[in-house]
Amino acid sequence: MENNYDVIILGGGAAGLTAGIYLSRAKVKTLILNEGMVGGQIVLTHEVANYPGIEKISGYQLALTMKKQAESFGCTIQQNIRISGIDLSGETKSVQVGDATYTAKAVILATGGRSRELNVEGEANFKGRGISYCATCDGDFYTGKDIIVVGGGNSALEEAVALTTYAKSVTIVHIFDHFQGFEHAIEAAKKNPKIKFLLNTSIVGFYGENQLERVKLKNLQDQSSRELPIDGVFIFIGYTPNTEKLKKQVLLNKNGEIPTDNSMATTIPGVFAAGDVREKKIRQIATAVNDGAIAAISAIEYIQK
Amino acid sequence: MTLMTNLEHVITADQHAELLANNENVMICCGRMGPMCVPVYAAMEELREEYPNVKFMDMLFDSPEAGVIRNAPECVGFMGLPFTMYYKNGKVVKATSSIQSKEQIKEILDENFS
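These protein sequence lines map, in sequence, to chains A and B.
Going by the working numbering, 300 is the number at position 103 of the first sequence; the sequence numbering is gapless.
Going by the working numbering, 117 is the number at position 105 of the second sequence; the sequence numbering is gapless.
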């Protein structure tokens, strides 16, 4: 197998696939390596309604279309692989996958992020047994039940409203005394008669026998704790960047994100970053696509120097 | 109705029984075409070559016939799609609820079907 490429892209979400489309269309030999299923966070989105030019599409379908588009231009894509080593330091960059070593003149880091977990007692035990990270997947299991939504951003607020279709009551638990979501999302949640709010509060434990039965809540103002019987908990507390394997390779900020300049260049020559893994404020499919296109064009300029 | 995957589908309860009767190692992912299910199907498609001794199948969660999985005693308390079943000689050896990574699936396959 030919293992030498012009550009290797780590990550096959919206940013990585866009970079793959731009590079391959420019006849740059490109390899996308993705540890999970191609599509990244897009695949977790039931319906995308704000991607310009497409009125409504499932995240899964959008990801598949991007993949097909990249492959149609000659981009090589490997998914569900395990990256065992990365060396970005020299002029030639290398990535180890099993017994194979792939090399390239430039690398685009588009490893994205994943749903953040609370990391408190019992969380791992009740995943799929009362704890969920996907309202559209599991909402109907909670028909007529009392549930909690954790978080205060747009995802938490919008999914809380969506979950009232099924649940008897939805309690939004949030660690701050205010929400981070857009005003329209806050208003929609506040207007919904099925939604209650527990602010300045966190969940510190999940308990039950075969399935989740109760949570321990901590009031962050007076530090008091109490248990609350509950049928289910949906967690939407943002994303954490997938940079564990990049820690010794590239500069990260305190949140584990990769800082770049406007050309998506990192501090290492020939290494670019794009999408949710990058240090930035707005994380949308449209902004990931923007990053991917810029990173690809910057990488082309770099390898043609 | 079947799922839009490249896996072989279990459509009826009778097929389910026949599958278990005729195969030593069987993995069935029972779900929908949703974000927690699709990555599991993709991982299964890729694991077929690596585990030729295992039958990798899927089943549509909303089919009435899928009651053979939905109502299995091992799935009591499951509240996250997909419900994934692992059978050895017709007996359930493992059942999981919600998304699993390829690595997590491999761990179960190695532990139960090697």
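One or more of the hints may lead you astray.
Which stretches of chain A does chain B cover? Using the computed rule of at least three CB atoms under 8 Å from a CB of chain B, they are [to be verified]: (1) 230 to 240; (2) 354 to 360; (3) 449 to 463.
In silico negatives: residues of chain A with every beta carbon more than 10 Å from chain B [as the list claims (entries may be wrong)]: (4) S329; (5) G429; (6) T484.
Since the hints were derived computationally from the structure, they do not count as laboratory data.
The beta-carbon is built from N, C-alpha and C at its ideal position, and this holds for glycine as well.
Against the structure, the hints:
Check on the region 230 to 240 of chain A: 3 of its residues sit with their Cβ under 8 Å from a Cβ of chain B, so the three-residue criterion for coverage holds. Note: the region 354 to 360 of chain A has 0 residues with beta-carbon separation from chain B under 8 Å; the three-residue rule is not met and the coverage is violated. Chain B is given as covering the region 449 to 463 of chain A, and this is violated because 0 residues of the stretch bring a CB closer than 8 Å to a CB of that chain, at least three being needed. With a cut of 10 Å on Cβ distances, S329(A) falls inside the contact zone with chain B, its closest approach being about 5 Å.
In this structure G429(A) is not separated from chain B by more than 10 Å, as the shortest Cβ-Cβ distance comes to only about 6 Å. At roughly 20 Å, the least C-beta separation between T484(A) and chain B is larger than 10 Å, which holds for a residue marked as non-interface.
Comparing the model with each earlier hint shows violations of hints 2, 3, 4 and 5; every other hint is respected.
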